[in-house]
Amino acid sequence: MKTALAPARLGADDVLRVGLGGLRARPARVVLSALGIAIGIATMVAVIGISSSSKEDLLRRLDRLGTNLLTAKPGDTLFGDKAELPESAPGMVGRIGPVTAVGATGSVTATVRRTDRIPDEVTQGIAVQAATPDLLGTLGVGTASGSRLNAGTGRYPGVVLGSEAARRLGLDRAGGQVWIGGRWFVVVGVLRPAGLAPEIDRSALVGWDAARRYLGFDGHPTTIYERSTDASVGDVRDVLARTVSPEHPEEVEVSRPSDALEAKAAAAGAFTGLLLGLGAVALLVGGVGVANTMVVSVLERRREIGLRRSLGATRGQVRVQFLAESLLLSAFGGAAGVVLGAAVTTGFALWKDWPPVVPVWALGGALAATLAIGTAAGLYPAMRAARLPPTAALAAP
Amino acid sequence: MNTLGADAQGENIVELSGVTKEYAGGVQALRGVDLVIAPGELVAIAGPSGSGKSTLLHMIGTLDRPSGGGVRVAGHAVADLSDRELSALRARHIGFVFQQFHLAAGVSALDNVADGLLYGGAGLTERRERARAALERVGLGERTTHRPHQLSGGEQQRVAVARAIVGEPDLLLADEPTGNLDTAAGAGVLALLDELNRAGTTVAIITHDLEVASRAPRRVRVRDGLVVADERAEVGSR
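From first to last, the protein sequence lines are chains R and P. By the count of UniProt numbering, the first sequence reaches residue 397 at its end, each step adding exactly one. By the count of UniProt numbering, the second sequence reaches residue 238 at its end, each step adding exactly one.
Okay, chain R solo, but in the shape it has when bound (with noise of 0.2 Å):
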């Protein structure tokens, strides 16, 4: 009997070399058809990674700072005016059973400036403000230089810079004199900056007793910080504003500073959609690229084919063979974008000062997209391919 005729089935090693073979007779083009695809996995990639670095740097951030601060500040008046906040508040909070630490501002009309020949007028954005002896250390705010204001140095004419403040006084350490207020105030510390509470990098800071005794300050503090433990922060911002102003609750404005950060960092992680569509707008067109560049390979090839069905190549082989340069190509170009958009995303966040960070997610969806164009781009051109007659082989040129 004459032997059965079955196809020998062309192993994936065979394949993978055949599809590599037919890239390799066109480099130019492969590289050109590849770039479509690169620029577009690079930019969905790298708009994930820079979002997901930002979103984690907040994150870390926020862990630094602790979320169990609270701030009281005097709201408005029934009149409309602005209220004040008992002198006695700070103490009153302190004895709230789950506060661990209280600490308290004040402003003070007195302007600081470097010299006194600088006009009174020109205040570079700085407020002067009192500050109980606690308050650093409730903020969690440390010095880059010199020290934190004291029970001492907080009745003395010393003056404790915040970062932004120092900054644009031009003093980077501790030991000059600024002009506060008609006198000389010796700069006992400068600190870093504050993180929750910004408005401390933009205040010169007094002692209590010394900004009523050099500086005309009234006692009423204008915003309150206390931290209490984590579990409690709920119900110690309930009985805040009662405990702040017995009198006036409703005229106290309680916040928690953490919240912005957090809202923050909720929107750092919720990626721009604009951006992201557009690295699948440079997708797609990559992916048309690659349909294109198959459909003229398939064109330029008809002899190849015929060929190869001479050599015994069945229409699922030729059909195998350029579905498989397509996802070569298109897994070339993804490879390729995939470590273009890590490198842009490091490059950012280091430059921005932020953990980089490229979720393993981002990756695989990279590697999904990249196959499923391929697939799509490679269908048709490979089913074109396999509808040729074995007899284009022969075909005049």
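Do not rely on the hints blindly, as some may be mistaken.
[What the hints assert, rightly or not] Here chain P is said to cover these stretches of chain R; the calculated rule only asks that three of the stretch's residues, wherever they fall, bring their Cβ under 8 Å from a Cβ of chain P:
| # | region |
| --- | --- |
| 1 | 6-18 |
| 2 | 21-27 |
| 3 | 307-317 |
| 4 | 380-392 |
Because the hints were derived from the structure by calculation, they are not lab data. Cβ atoms here follow ideal geometry from the backbone N, Cα and C, with glycine treated the same way.
Model the placement of chain P on the given structure of chain R, informed by the hints.
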């Protein structure tokens, strides 16, 4: 169909009976061709362009199906075979040599020849080993790493011949094998085909060149879609 029950070895390699081929538009390329090629033959199928010899090549090479009549190749009735089975038939039983060589540019002679086994199921190592042997048979054992553009036309056609015979097919089908070569190179390729035939390979050469055809011991003349002459040379004439 195969009542003799013989293996392809013992029966005719090609059997065409009353084969007709009509193309869309009503062109009658073949009008009833009977042709038998026995194992070990060297046949030249000659005819002017438009005679139907290319269509005849398609039929013998199972690259196309007839409109009417029967085609049997290596014992298989083409009409009974699916496209997949026809592919397997070509992979195992027929080796093609084309006028334009059809070698892959930028690929070594060895791998070009090895591709002749790509669809036969052998692994890469075995394919390359057999390709090396085939290149030695056609006298290009020293040229295995050369790329097509580093070879002369005659050498390129030898590589193509090596690719056709690497799978040890029952039939070597050459379509105008000397059409793109100068006289000396063409003579070399014909001598090679002759030599392969003496070693046992069945060879069919399709050509319009009567001089090429005259060298073959059997000459089939085709004109207007019919076989008009089937001459065999006397013993010892070649």
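Quick rundown of the hints versus the structure:
no. : hint    : verdict
1   : 6-18    : holds (count 10)
2   : 21-27   : holds (count 3)
3   : 307-317 : holds (count 11)
4   : 380-392 : holds (count 3)
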